[in-house]
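Enquirer: Chains A and B, in that order, give the protein sequences. The working numbering applies: residue 313 is where the first sequence begins, and numbers increase by one. The working numbering applies: residue 7 is where the second sequence begins, and numbers increase by one.
Bear in mind the hints are in silico, worked out from the structure with no lab data behind them. Remember, predicted model here, so these are calculated numbers, not experimental data. Backbone N, C-alpha and C define an ideal beta-carbon position, used for all residues, glycine too. Watch out, some of these pointers could steer you wrong.
[Claimed, not checked] Quick look at which bits of chain A chain B covers, simulated, 3 or more residues with Cβ under 8 Å:
| hint | region |
| --- | --- |
| 1 | 435 to 442 |
| 2 | 473 to 484 |
| 3 | 545 to 554 |
Residue strings, one per chain:
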Amino acid sequence: MKKLRLGSLMIVGVVGLVLYFSVRGLLTYSKNRTVEAGLPSKVVIQKVDSPTNDGRLQWRATMGDMAGSGVVVHCTEYADGQLSNLFILPDGIIITQSIVWPLSPGLLGTKEYESKARDSFESRVAIEPALLEFREIISECRLADTESKLYSSIWEIYTIRAQIRQLKRRFLEKKLLAHGVDSSQVLADKDFEEDILYNKSRLEQSVYYQYGKTRLEKLFGSFPDTCFDRLMSIHVFGNPVDLNSF
Amino acid sequence: MRKTSAFIGFLVVVIAVFYSVKPRRIVPDQQVSKISKDSGYTTQAKRFEALQNRAGPHKPLGFDPTSRDSLDKYWEDRFDTNVMLVTNIFKSGTNNTRVQITSRRKNRHWGTDDWELYSKIKIQNDCENDPSQSQILNILSEYPAARDSSRLFTGAYAVRFVLWTIHNDAGKSISAEIELEEKMKSSWIVDVSDLEQRKILIQMEIEMYQEQNLGRWQEINKEKKELWGKLKELYGDFPKDLFQRLMAVEYREVFWP
Numbered sequence: 313m314k315k316l317r318l319g320s321l322m323i324v325g326v327v328g329l330v331l332y333f334s335v336r337g338l339l340t341y342s343k344n345r346t347v348e349a350g351l352p353s354k355v356v357i358q359k360v361d362s363p364t365n366d367g368r369l370q371w372r373a374t375m376g377d378m379a380g381s382g383v384v385v386h387c388t389e390y391a392d393g394q395l396s397n398l399f400i401l402p403d404g405i406i407i408t409q410s411i412v413w414p415l416s417p418g419l420l421g422t423k424e425y426e427s428k429a430r431d432s433f434e435s436r437v438a439i440e441p442a443l444l445e446f447r448e449i450i451s452e453c454r455l456a457d458t459e460s461k462l463y464s465s466i467w468e469i470y471t472i473r474a475q476i477r478q479l480k481r482r483f484l485e486k487k488l489l490a491h492g493v494d495s496s497q498v499l500a501d502k503d504f505e506e507d508i509l510y511n512k513s514r515l516e517q518s519v520y521y522q523y524g525k526t527r528l529e530k531l532f533g534s535f536p537d538t539c540f541d542r543l544m545s546i547h548v549f550g551n552p553v554d555l556n557s558f
Numbered sequence: 007m008r009k010t011s012a013f014i015g016f017l018v019v020v021i022a023v024f025y026s027v028k029p030r031r032i033v034p035d036q037q038v039s040k041i042s043k044d045s046g047y048t049t050q051a052k053r054f055e056a057l058q059n060r061a062g063p064h065k066p067l068g069f070d071p072t073s074r075d076s077l078d079k080y081w082e083d084r085f086d087t088n089v090m091l092v093t094n095i096f097k098s099g100t101n102n103t104r105v106q107i108t109s110r111r112k113n114r115h116w117g118t119d120d121w122e123l124y125s126k127i128k129i130q131n132d133c134e135n136d137p138s139q140s141q142i143l144n145i146l147s148e149y150p151a152a153r154d155s156s157r158l159f160t161g162a163y164a165v166r167f168v169l170w171t172i173h174n175d176a177g178k179s180i181s182a183e184i185e186l187e188e189k190m191k192s193s194w195i196v197d198v199s200d201l202e203q204r205k206i207l208i209q210m211e212i213e214m215y216q217e218q219n220l221g222r223w224q225e226i227n228k229e230k231k232e233l234w235g236k237l238k239e240l241y242g243d244f245p246k247d248l249f250q251r252l253m254a255v256e257y258r259e260v261f262w263p
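Isolated chain B (complex conformation) (with noise of 0.2 Å):
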């Protein structure tokens, strides 16, 4: 009887301790889209379902999913101590070339479950606040091995990311052609009374704008193919035409300055 009874017990604290650890998995009901559904979002969903409960042990998450401060906390955490130095060499025109050496620190997080489930939370909440959003997961989904891997959101979270990066570049451009413009019409140029001076001038200015756009071109440029390395570093492979498609997704913020 004392066997059963420590058996019952064992069980009642082995339940318990089950039951404590568990609500910290649990996606609060308003992170959940109520919207409704959309041709290829739930399958995918169905298979990250697949990922999540894959046998093996179970490891606990690096965030709490119902709390914001934690899933910031998480981004914001997501760097590798260790400094990478990258060099990179710009070439326009025939004798222009400009050298940029910035540091890089890794994604410690990148290729883990948790940033996968990270990944999904992120873009299930964009879709909800903008559903074009769910054209990147249409569109990576019509590559087989992206819309059967178990890292199809860390992809389109990557894809999400680069976009509003892209985005930003090409709005700093607009502002420097709206500075440009205003920087014609003030005093520094239009007192100028020496008329070959004031034509100096104009050109410097717009020479220097000119090479300012080229270097968020080639920004720009450079941040397409590192994701594009990343797409197919998570799925083997990943083809042009659909990497470009994914690139002309325009998000809401791209008319909200």
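So here's chain A without its partners, still in its complex pose (with noise of 0.2 Å):
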């Protein structure tokens, strides 16, 4: 008898050894199914100053989830349509990169700007299609006066989706350190981590996307963000042609 109790009070024991074990392990379980994500990598964008006289514009940009890797890009805009963006690379390295956007900003707004565009718009939409997808948002987002600038802003967006297309395209090629420097300052892309190219992809993204908002929002005095990010959906295929000689 004193044998069986023994013996019972062993499995009990050993039963509660199990179910401790058991718990655990489930709470352990439960606890490594909370899953937590990090911050999205966007882009941060930091405006310097504000309009100086001459009507530069300077902002400063960077990434949310590399804000320590050391690339970071030095934007300024002129009046004229042109774009110096000042990259730093880690070690201290600096490229200057200089780009006319294809379409002069004294156009903007203008009349002769919304003809030029909506012919443009005729002859390239039935070779590029999204150029209806971009037509169809701007309608929907309900902008101050879309009539009279309507396709004024989808050779805008068009002439952005096109630079990002020709980015990733330098990004194929290895050609991204090249793009806008002048030929002493040239670096090759395969010399650089690959981390450091995607960093300045990115940035390089961000001043086109930032510099395209802003002429959008000069044409229709606000550009709303969620419209913007629809738009930025739109893949296109080909490059607009440079309305200022058209």
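Assembling the complex is the task here: the two chains are given apart, and the hints tell you how they should meet.
Expert: As structure tokens, this is what we get:
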């Protein structure tokens, strides 16, 4: 009888231990199931100062999840549409890139631009149906005075998307550090780590987004982020013709 | 006394069986992100837990979340054996019509709890590699029906997959553009002495390239349309503006050709 009691006690002890580990295991399982994600690697844009008398606008951009990784861009927008980007890579390497936006900012909001943009739209839409998608989204965004600026804004967005496409192409061709840079400064992509090139690409992309959006804001007074994001989902396959010389 | 011993013995057997089955469901530490919290993500994860802990009989998982091979096998085995033929008619311009017949097989895991867990693991890993991917979950969660759905990650992973496909299509178009430019410089064009003939050749190449691009544009739109349909199926409906914003999420691979 004593042995039986002892045996029962041992069994109860074993059951207790098994129960303990089971519950602990379940708790660990439950804890592990909680997923946490990091902050989005959004580009953080910081305005450096208000526009100067000569119309210059300066801003600085870095990325949310890589502020410490050392790639930063200082961008200066000039009144004539020229962009000067100063990329600071790790180890203090500085690249100065100069880009001319294909469309003159002086044309923005003019009837001349709208008319040229409309003609270009008509001639291009058969081979670039994304233009129809731009038109549909802009019409849905209910922007101020859309009718008189519809085709100008389509052409602006087409330009931004084409710039992004060209940037991706440069990444494919490993010519990222050469674009818009004078020959004495040209660096070879292959000599840099992929992370640096990736961050540089994202920052250059931010330059095009920011500059393009600034122009749209000039055109409409304001331009909602959600509308801009929707437009950025459309892929284009060509490059817009330069309306300055159209 | 015998009855007590038998009862305790039965308990031991039940617990032992339970204990031996349970480890298959434990997600290993390396799959759990240790990076900082994101606003919507944790809430969504808790909702997902609720799904996992729901009442009702537990069905064993179709894969072992601790094993990469098992996850890969689950992915590879996703297709249904029944093949469905789909005819797509693309119209471009006034006279151009292209008919495409494709075969399609359904994802037999689609809409199951297993697929939700699989999608969650995949999204979780993607977010670790590229935290900007959590934007997909954030945008999806702006729509209450998706946010409160037990299929949130199923939708997110479907979005991720389509974005990857579109990225590939866009990449092919860029490669084709580079190829076209190289062709223009090649002896096949340059060595043609007859100017008229050279012009015709160039025009022919450009038209062919444009035709390919139109095909890609149609393909991309078809993929988007199908995905939108899937999101509507999952969440009852899905607003167009949110869908378009989802399609604007770019991921790390955009710059990793």
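Enquirer: Against this structure, judge whether each hint is valid.
Expert: Checked hints:
Counting residues of the region 435 to 442 of chain A whose C-beta sits closer than 8 Å to any C-beta of chain B gives 4, which meets the bar of three, so the coverage hint holds. Chain B is given as covering the region 473 to 484 of chain A, and this holds because 5 residues of the stretch bring a CB closer than 8 Å to a CB of that chain, at least three being needed. Here's how the region 545 to 554 of chain A fares: 4 of its residues keep a CB closer than 8 Å to some CB of chain B, so the rule of at least three is met and the hint holds.
The structure is consistent with each of the numbered hints, conforming to all of them.
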